[in-house]
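2 protein chains.
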Amino acid sequence: MVDNQEKTEEKILKAAEEVFQKKGMTGARMQEIADTAGINKALLHYYYRTKDKLFEKVINMAFSKFFPRVINIMGSGISVFEKIEVFVSNYLDLIAKHPFIPGFVINELNRNPQILISLFEKNIRLKEEGLIDKFNIQLQEEVEQGIIKPIDARNLMVNIVGLCIFPIVAKPIVQGVIFGNDKKQYNDFLKQRKEHVIDFVISSIKMD
Amino acid sequence: MVDNQEKTEEKILKAAEEVFQKKGMTGARMQEIADTAGINKALLHYYYRTKDKLFEKVINMAFSKFFPRVINIMGSGISVFEKIEVFVSNYLDLIAKHPFIPGFVINELNRNPQILISLFEKNIRLKEEGLIDKFNIQLQEEVEQGIIKPIDARNLMVNIVGLCIFPIVAKPIVQGVIFGNDKKQYNDFLKQRKEHVIDFVISSIKMD
DNA sequence: GTCTATACACTGATAGAC
DNA sequence: GTCTATCAGTGTATAGAC
Chain U
3 MVDNQEKTEE
13 KILKAAEEVF
23 QKKGMTGARM
33 QEIADTAGIN
43 KALLHYYYRT
53 KDKLFEKVIN
63 MAFSKFFPRV
73 INIMGSGISV
83 FEKIEVFVSN
93 YLDLIAKHPF
103 IPGFVINELN
113 RNPQILISLF
123 EKNIRLKEEG
133 LIDKFNIQLQ
143 EEVEQGIIKP
153 IDARNLMVNI
163 VGLCIFPIVA
173 KPIVQGVIFG
183 NDKKQYNDFL
193 KQRKEHVIDF
203 VISSIKMD
Chain X
3 MVDNQEKTEE
13 KILKAAEEVF
23 QKKGMTGARM
33 QEIADTAGIN
43 KALLHYYYRT
53 KDKLFEKVIN
63 MAFSKFFPRV
73 INIMGSGISV
83 FEKIEVFVSN
93 YLDLIAKHPF
103 IPGFVINELN
113 RNPQILISLF
123 EKNIRLKEEG
133 LIDKFNIQLQ
143 EEVEQGIIKP
153 IDARNLMVNI
163 VGLCIFPIVA
173 KPIVQGVIFG
183 NDKKQYNDFL
193 KQRKEHVIDF
203 VISSIKMD
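Residue numbers (my numbering), protein chains in the order written: chain U, 3 to 210; chain X, 3 to 210.
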């Protein structure tokens with residue numbers, strides 16, 4: 003019954019993803035995950051002996067969904083402006099597809115920072131590859147050429163990712179405080195964000 | 003023993019703040035809060051009958067620490083550029099003083115958005131006062147005067163708050179991924195953030 | 001592999017003495 | 001107000017039948 007096995011494991015992971023992202027590690031209940039997967043609680047422990055093991059798998063999936071692919075755009079051979087455009091566009095699409103992952107990962111990492119170590123082992127090592135340093139070299143070249151105003155790669159990258167992620171992660175506050183809990187206004191706001199963020203960032207660093 | 007009463011309640015609230023912010027609502031334990039406060043678990047229930055009541059008090063304190071005061075800067079009589087400067091400066095100081103509150107509030111609000119309703123009742127109602135709309139009118143005036151490039155208040159405010167909050171809320175990722183877990187580099191990064199964010203935002207919207 | 005039943009520990013909350 | 005003792009409920013995890 004390899005077929006059933008794979009189907010069950012798939013169901014478990016999908017259910018675990020859903021419940022963990024909604025309730026968090028401590029708030030999630032094995033019972034609820036079992037119910038969501040349409041299986042028995044004991045079967046959950048048959049596949050993943052402990053809640054910790056299951057959680058580790060789920061947060062690993064979440065992390066690897068966001069980091070490996072998109073961040074490599076930074077290493078491609080296009081100009082800084084093009085990189086900003088491609089990155090923001092891809093990143094916002096990814097966030098739209100998985101809106102709960104950024105907040106979930108950030109929150110659980112804050113509660114237990116040592117998770118990051120395990121995450122690094124199983125994902126692409128950014129530091130070793132020197133991606134950020136390489137991007138910074140390109141950036142400073144364009145600064146010297148007078149294309150871009152002085153800025154360092156760390157600030158720029160944090161700004162870009164923050165501008166992309168914040169409106170989603172802080173959805174209750176943005177929708178509640180800024181848009182008086184009007185869902186439509188909030189959704190319309192998100193739709194125009196891609197264009198706006200690209201404009202905002204490039205407008206900030208482009209030399210007059 | 004009014005003196006002792008106040009002291010105990012103070013100790014409880016301080017301990018509850020610490021534990022709830024560190025572990026979250028579901029992860030926090032009444033026992034740990036009692037231990038941190040140096041009192042008995044039963045005494046906790048004597049002051050706050052349930053965990054929910056205590057949590058509500060704590061998240062209310064956290065919320066009211068961030069919203070009422072600083073956001074009113076938007077309503078003062080200074081120029082848009084000055085508002086940005088004052089707001090970012092005050093906001094980053096406030097975050098530095100209470101680095102765990104933004105992530106705590108955002109996370110708990112995501113898990114239980116209805117908290118916001120109770121929060122609104124007990125804090126200044128932003129929507130009714132039309133603060134954002136007033137700020138937008140001022141903004142559009144300066145746009146028409148050719149001082150500022152076209153931008154709406156919602157995008158600008160989300161950008162500013164996001165740029166301030168993100169590096170703190172996502173500390174494990176920023177410190178871990180961007181700075182290879184180098185604490186000193188991360189702290190140095192935070193120190194230069196105030197100046198950078200102000201520059202970045204104004205540079206983006208200032209008409210050439 | 002999948003189920004039912006259950007063990008065992010922990011947690012929030014209360015009772016009652018001081 | 002503050003403590004000790006304790007209960008009822010819930011949670012993770014396992015045993016054992018099929």
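Some hints here could point you the wrong way.
Unchecked claim - Restraint ranges, calculated between C-beta atoms of paired labels, are given here: (1) U:E12 x X:G79: 58 to 68 Å; (2) U:I204 x X:D37: 48 to 58 Å; (3) X:I149 x U:Q116: 34 to 44 Å; (4) U:S120 x X:I119: 54 to 64 Å; (5) U:K151 x X:G148: 15 to 25 Å; (6) U:P152 x X:S66: 23 to 33 Å.
As the list claims (entries may be wrong) - Distance condition first, Cα-Cα at most 30 Å in a straight line; then the derived DSBU-like pairs of lysine-lysine: (7) U:K24 x X:K85; (8) U:K124 x X:K43; (9) X:K193 x U:K25; (10) X:K85 x X:K25; (11) U:K25 x X:K196; (12) X:K136 x U:K193; (13) X:K173 x U:K208; (14) U:K193 x X:K85; (15) U:K43 x U:K55; (16) U:K193 x X:K151; (17) X:K25 x U:K124; (18) U:K173 x X:K193; (19) U:K24 x X:K55; (20) U:K67 x U:K13; (21) U:K185 x X:K124; (22) U:K24 x X:K151; (23) X:K85 x U:K196; (24) X:K43 x X:K25; (25) U:K59 x X:K13; (26) X:K185 x U:K185.
None of these hints come from the bench; they were simulated from the model. Where a beta carbon is used, it is the ideal one built from N, C-alpha and C, also for glycine.
Status of the hints after comparison with the structure:
E12 of chain U and G79 of chain X have their C-beta atoms about 60 Å apart, which keeps the hinted 58 to 68 Å range intact. Look at I204 of chain U against D37 of chain X: about 52 Å separates their beta carbons, and that is inside 48 to 58 Å. The supplied range of 34 to 44 Å is broken by I149 of chain X and Q116 of chain U, whose beta-carbon atoms lie about 49 Å from each other. Remark: the range hint 54 to 64 Å for S120 of chain U to I119 of chain X is contradicted by a beta-carbon distance near 38 Å.
At about 21 Å, the beta-carbon gap between K151 of chain U and G148 of chain X stays in the expected band of 15 to 25 Å. For P152 of chain U and S66 of chain X, the Cβ-Cβ distance of about 39 Å falls outside the hinted range of 23 to 33 Å, so the restraint is violated. Proposed proximity of K24 of chain U and K85 of chain X is contradicted: the alpha carbons are some 37 Å apart, above 30 Å. For the given pair, K124 of chain U sits about 42 Å from K43 of chain X by alpha-carbon distance, which is inconsistent with the 30 Å threshold.
In summary, the hint linking K193 of chain X to K25 of chain U is not supported, as the alpha carbons are separated by about 34 Å, beyond the 30 Å threshold. A C-alpha spacing of about 35 Å is found between K85 of chain X and K25 of chain X, which places the hinted pair above 30 Å, so the restraint is violated. Proximity of K25 of chain U to K196 of chain X is assessed by CA-CA distance (about 34 Å); at most 30 Å being required, the pair is judged violated. With a CA separation close to 24 Å, the supplied pair K136 of chain X and K193 of chain U stays within the 30 Å bound.
A hinted pair counts as satisfied when its Cα atoms are at most 30 Å apart, and K173 of chain X with K208 of chain U qualifies at roughly 28 Å. A hinted pair counts as satisfied when its Cα atoms are at most 30 Å apart, and K193 of chain U with K85 of chain X qualifies at roughly 27 Å. The suggested pairing of K43 of chain U with K55 of chain U holds, with an alpha-carbon distance near 15 Å, which does not exceed 30 Å. Distance hint between K193 of chain U and K151 of chain X is fulfilled; the C-alpha atoms sit about 21 Å from each other, no more than 30 Å.
A hinted pair counts as satisfied when its Cα atoms are at most 30 Å apart, and K25 of chain X with K124 of chain U qualifies at roughly 26 Å. Distance check on the hinted pair: K173 of chain U and K193 of chain X sit about 27 Å apart at the alpha-carbon level, within 30 Å; holds. At most 30 Å may separate the alpha-carbon atoms for a hinted pair to count; K24 of chain U and K55 of chain X meet this at roughly 22 Å. Annotation: proposed proximity of K67 of chain U to K13 of chain U holds, straight-line Cα distance about 18 Å (limit 30 Å).
Restraint check for K185 of chain U and K124 of chain X: satisfied, since their Cα atoms lie roughly 23 Å apart, inside the 30 Å limit. For the hint linking K24 of chain U to K151 of chain X, the alpha-carbon distance of about 40 Å lies beyond 30 Å, and the restraint is violated. Taking the CA atoms of K85 of chain X and K196 of chain U, the gap is near 25 Å; set against the 30 Å cutoff, the hint holds. Of the supplied pair hints, the one linking K43 of chain X and K25 of chain X holds, its CA atoms being roughly 18 Å apart against a limit of 30 Å.
Restraint check for K59 of chain U and K13 of chain X: not satisfied, since their Cα atoms lie roughly 39 Å apart, outside the 30 Å limit. Simply put, K185 of chain X and K185 of chain U have alpha-carbon atoms about 39 Å apart, too far for the 30 Å limit, and the pair is violated.
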